[in-house]
Amino acid sequence: MNQAFFALLKSMSESLRDLLPIILVIAFFQLFVLQQSIPNFIDILTGTFFVVLGLTFFIYGLNMSLFPIGDSMAHAFARKGSVGWLLLFAFALGFGTTVAEPALIAVSKEAAAVAANAGMIEQLSSARHSYATNLRYTVAVSVGLAIVIGVLRILRGWSIHYMIMGGYLLVVIMTSFAPEEIIGIAYDSGGVTTSTITVPLVTALGVGLASSIEGRSPLVDGFGLIAFASLTPIIFVMGFGMLV
Amino acid sequence: MELLTEIVNSLRYTVYDVIPIVLIIVFFQLLVIRRPIANLKRVITGFIYVLIGLSLFLLGLEKALFPLGRIMAEQLTSPAFILNGSENALSWQDYYWVYIFAFAIGFSTTVAEPALIAVAIKANQVSAGTISVQGLRTAVALGVALGISLGSYRIITGTPLHYFIISGYLIVVIQTFFAPRMIVPLAYDSGGVTTSTVTVPLVTALGLGLAESVPGRNALIDGFGLIAFASLFPMITVMAYAQLAAFRAKH
Numbered sequence: 001m002n003q004a005f006f007a008l009l010k011s012m013s014e015s016l017r018d019l020l021p022i023i024l025v026i027a028f029f030q031l032f033v034l035q036q037s038i039p040n041f042i043d044i045l046t047g048t049f050f051v052v053l054g055l056t057f058f059i060y061g062l063n064m065s066l067f068p069i070g071d072s073m074a075h076a077f078a079r080k081g082s083v084g085w086l087l088l089f090a091f092a093l094g095f096g097t098t099v100a101e102p103a104l105i106a107v108s109k110e111a112a113a114v115a116a117n118a119g120m121i122e123q124l125s126s127a128r129h130s131y132a133t134n135l136r137y138t139v140a141v142s143v144g145l146a147i148v149i150g151v152l153r154i155l156r157g158w159s160i161h162y163m164i165m166g167g168y169l170l171v172v173i174m175t176s177f178a179p180e181e182i183i184g185i186a187y188d189s190g191g192v193t194t195s196t197i198t199v200p201l202v203t204a205l206g207v208g209l210a211s212s213i214e215g216r217s218p219l220v221d222g223f224g225l226i227a228f229a230s231l232t233p234i235i236f237v238m239g240f241g242m243l244v
Numbered sequence: 001m002e003l004l005t006e007i008v009n010s011l012r013y014t015v016y017d018v019i020p021i022v023l024i025i026v027f028f029q030l031l032v033i034r035r036p037i038a039n040l041k042r043v044i045t046g047f048i049y050v051l052i053g054l055s056l057f058l059l060g061l062e063k064a065l066f067p068l069g070r071i072m073a074e075q076l077t078s079p080a081f082i083l084n085g086s087e088n089a090l091s092w093q094d095y096y097w098v099y100i101f102a103f104a105i106g107f108s109t110t111v112a113e114p115a116l117i118a119v120a121i122k123a124n125q126v127s128a129g130t131i132s133v134q135g136l137r138t139a140v141a142l143g144v145a146l147g148i149s150l151g152s153y154r155i156i157t158g159t160p161l162h163y164f165i166i167s168g169y170l171i172v173v174i175q176t177f178f179a180p181r182m183i184v185p186l187a188y189d190s191g192g193v194t195t196s197t198v199t200v201p202l203v204t205a206l207g208l209g210l211a212e213s214v215p216g217r218n219a220l221i222d223g224f225g226l227i228a229f230a231s232l233f234p235m236i237t238v239m240a241y242a243q244l245a246a247f248r249a250k251h
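Respectively, the protein sequence lines represent chains A and B.
Counting in our numbering, the first sequence runs from 1 upward without gaps.
Counting in our numbering, the second sequence runs from 1 upward without gaps.
Calculated directly from the structure, the hints in this document are not laboratory data.
All values derive from a computational prediction rather than experimental measurement.
Heads up, a few of these hints could be off.
Said to hold, decoys possible - Sample of chain B residues facing chain A (criterion: CB under 10 Å; computed from the structure):
id : residue
1  : Val8
2  : Thr45
3  : Phe57
4  : Lys63
5  : Tyr99
6  : Phe177
7  : Phe224
8  : Ala249
A virtual CB, placed ideally from N, CA and C, is assigned to each residue, including glycine.
Produce the complete structure using the sequences and hints provided.
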């Protein structure tokens, strides 16, 4: 019991160390640059305590659950040898975790507002709603495809270099044809799709797959799934902007 | 009492968020893999820890850091603060506190980003300790810090976003050929993981605040794009970190 308590204290102090920079930055700017006292001090204190506690629990649970699940499913699929199911799983994981992502919902709403202001769609709430929904599904499908492509790459042992570079080349080419209003949103949508729970799961899946297939290195072949998941939304959202 | 309701609410949102993931895992586990998960009890306990942890984390951010960070972003970008009594037209140098703030907040929020911690732990395990957790996180955080400062400069000067992004990609492509092979996939990945729970809300507030207060900028067009900077520059710094390490090992 005592030992567990000390382990908890230790990981809490690590979490505190992780958060210390933010606290220092905010305190410095608040006190020296903006020269204002910190409002709602008690709220800030409880909030910071929650953040520390939450990060501690998250990291602790990560090693018990998300990593082992991703890893064991990767091994099970590799043993089973059915590529079809694995790819379906990859798509479902990418699509399912993205479509309900709050950050994505927020971004697609803003994008609909931009499109309406630019006269690309009508200034009606129904038009904006359907634009936002379509955009959200576009991004979710693109992330699903990204994980499928990434998993295929691990299975086949393709080099990631040329795939990502090709992807960026496509982004560059599409940038010159896409409507200007959509470009910023498209670039940003690549960053918002990968949530805190998806990342560990997908990383464990990739590394698990690479380590259960002979001739693959977990480091060289196992990573890279997230990279695809941040690249394809840019392409798809620009494509969406060009079509709509 | 009120606090308890807030905790329950936060937990509920997190649970809604992960329901699709749980359903997908259960579906494939039961119908396709058809094998019990090893240490099921431990996995479920761990999952509950993850849920509780994430809920408390988000609630704490919402209570403490986000409101403060947003107010600060607004104040630092407000004309009253930047003009500071002078009547001259503003040039981009007058925004120096904005760049410093952008750098500092980009660095510090990235260090606390849970998804990045997860990837760094995994990379450390897989590389048998060659890639240190702290080293990777620092390299990524530096990248985000540089990216956000440069992104703020872009909003202030109004330079088109794609000039920066395309030159950034060009650097990534060139580095890819020279960086140690094992770091490349990890570097590409770190672009995507940097921007989630902690960084996005604060950075978005900064971008929108800037685009609203700098004369001649449109919040809807110029306010976006900071996230793109934050995902591009970590690739450059992570590869640079590995290149530097390889260079020092050689000499």
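### Task
Starting from the hint list further up, note which numbers the structure goes against and sort them upward.
1, 5 and 8
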